[in-house]
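**Student:** Sequence:
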Amino acid sequence: MLITMNPGEVEDWDFANADIHYMTHGLHPYPARMIPQIARRLIEKYSSIRDIVLDPFCGSGGVLVEAILTNRRSFGIDINPLACLIARVKTTPLDPELLAQKWQYLRSCIEEELKALRFREIEIETPDFSGTNIYYWFKPYMIRELTLIKKHLDTIEDNKVREFFYVCLSNTIRQVSGVRKGEFKLYRMPKKEWEKYYPDVFEVFQKKVNMCISKMGEFFEFVRKNKLNAEAEIFEADARKLLTVEFPSEGRDKLTEESIDLIVTSPPYGDSRTTVAYGEFSSLSLLLLGYPKDRIREIDKISLGGRLKGRDLNSNTFNEVFAKIRNEKRAKEVKSYFVDLNEVIQKLYRVLKPMGYACFVLGNRTVDGVKIPTDEILRELGESIGFEHLRTIYRRIPSKRLPRKNSPTNIPGQKMETINRESIVILRKLP
Numbered sequence: 008m009l010i011t012m013n014p015g016e017v018e019d020w021d022f023a024n025a026d027i028h029y030m031t032h033g034l035h036p037y038p039a040r041m042i043p044q045i046a047r048r049l050i051e052k053y054s055s056i057r058d059i060v061l062d063p064f065c066g067s068g069g070v071l072v073e074a075i076l077t078n079r080r081s082f083g084i085d086i087n088p089l090a091c092l093i094a095r096v097k098t099t100p101l102d103p104e105l106l107a108q109k110w111q112y113l114r115s116c117i118e119e120e121l122k123a124l125r126f127r128e129i130e131i132e133t134p135d136f137s138g139t140n141i142y143y144w145f146k147p148y149m150i151r152e153l154t155l156i157k158k159h160l161d162t163i164e165d166n167k168v169r170e171f172f173y174v175c176l177s178n179t180i181r182q183v184s185g186v187r188k189g190e191f192k193l194y195r196m197p198k199k200e201w202e203k204y205y206p207d208v209f210e211v212f213q214k215k216v217n218m219c220i221s222k223m224g225e226f227f228e229f230v231r232k233n234k235l236n237a238e239a240e241i242f243e244a245d246a247r248k249l250l251t252v253e254f255p256s257e258g259r260d261k262l263t264e265e266s267i268d269l270i271v272t273s274p275p276y277g278d279s280r281t282t283v284a285y286g287e288f289s290s291l292s293l294l295l296l297g298y299p300k301d302r303i304r305e306i307d308k309i310s311l312g313g314r315l316k317g318r319d320l321n322s323n324t325f326n327e328v329f330a331k332i333r334n335e336k337r338a339k340e341v342k343s344y345f346v347d348l349n350e351v352i353q354k355l356y357r358v359l360k361p362m363g364y365a366c367f368v369l370g371n372r373t374v375d376g377v378k379i380p381t382d383e384i385l386r387e388l389g390e391s392i393g394f395e396h397l398r399t400i401y402r403r404i405p406s407k408r409l410p411r412k413n414s415p416t417n418i419p420g421q422k423m424e425t426i427n428r429e430s431i432v433i434l435r436k437l438p
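In our numbering, the protein residues as written are 8 to 438.
Some hints here could point you the wrong way.
In silico DSBU-like links for lysine-lysine, alpha-carbon gap of 30 Å or less [unchecked claim]: (1) K157 x K146; (2) K122 x K203; (3) K158 x K109; (4) K157 x K198; (5) K248 x K167; (6) K157 x K214; (7) K234 x K360; (8) K331 x K192; (9) K122 x K188; (10) K360 x K157; (11) K198 x K222; (12) K192 x K146; (13) K248 x K232.
Ranges between beta-carbon positions, derived for each pair [said to hold, decoys possible]: (14) P134 x P438: 51 to 61 Å; (15) A107 x K336: 51 to 61 Å; (16) E164 x E225: 22 to 32 Å; (17) P134 x H28: 25 to 35 Å; (18) K308 x A107: 36 to 46 Å; (19) E202 x R231: 45 to 55 Å; (20) S391 x D19: 25 to 35 Å; (21) N24 x E164: 37 to 47 Å; (22) E202 x T251: 12 to 22 Å; (23) W201 x K234: 42 to 52 Å; (24) R398 x Q182: 19 to 29 Å; (25) E164 x D207: 49 to 59 Å.
Keep in mind that the hints were calculated from the coordinates and are not lab data. A virtual CB, placed ideally from N, CA and C, is assigned to each residue, including glycine.
Modelling step: build the complete structure from the supplied sequences, incorporating the hints.
**Tutor:** In structure tokens:
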């Protein structure tokens, strides 16, 4: 399917005033999300109904939601268990009446026990948080009440319904914590503010549940009314090992070559220390939801660029930029990121059908005072593998919450601009 633009056609890719939280897109915040309008346009432009869409860095599942809404089947892969949890819930239409009934029962049970807990008539055993700094972010009463809520959610037999309420709880955990509001990295609110901060944990949870039921209701009704039957499958896995991911519903052990019609994805913007720390963002929720501490600590380490590598890359632009980065450690981190990204691109080329499209939403950042043209480097890496570069679209970032300033050499007080626009690189696999 060859896509061309009509003469004089002007496309607005900024979507500056668009609602990016409609339906299940609004269930839970997540760093550096691709806005749904971009995912929708790319899916509709470069694929057909009932095609298969893959997002190898699916995050909280925005691309997968749009695939369902446009009646495309989809696969999502992410290394972060919280992202996979949110993505599963966002892409699973649940009857809001069923959720409301379950919530009515849960609420009465939680309220009764919470009252006894607050009057010290009962005690609750909290998890072993040794080796963590959880009490830096939460006051003891918060931990007790969040633990009590989690205990009741654990009793829900239906896994899909239970995970829905886990997402509501994760949203609550983030809201009541001492993390500075509006931040994705972990910075605690000022000391004076923290000393006076005593949110009603259960009240916050109730508001999150009601909001999420409403959002899920919009999604459920749209899917039902339009008789959509496309499904999304989410896998907690490493995109670098794409060809070893097990797809049990496919009746096969692995994703096969040339089986995907369209790839739409937004890779991590760089190493987690100075751009987006997905594991750091997720850590508090994962701890209180009961995920193993060792697994949580590993997320950012095993993400793209998390471990240093020294292999060469087939990109003149990268080689020129790499030579300009004075800080040797930062240079190695940048190289490791692109080595990992290149490995993923090679796997994507293999699973994509001939004449299929791969769309990458990227940000060009600044490291050690050097601008990194990630879009150009990705284009060159793709072309070296066999992709054809069709076009690169540029858009301003009107609302995406990313670190616009970072520390170029991790020296406190030294700040430089990182990302202020996005590039959408469109590649095609030739026959």
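**Student:** If any of the earlier hints don't hold here, list their numbers in rising order.
**Tutor:** 10, 11, 13, 22, 24, 25
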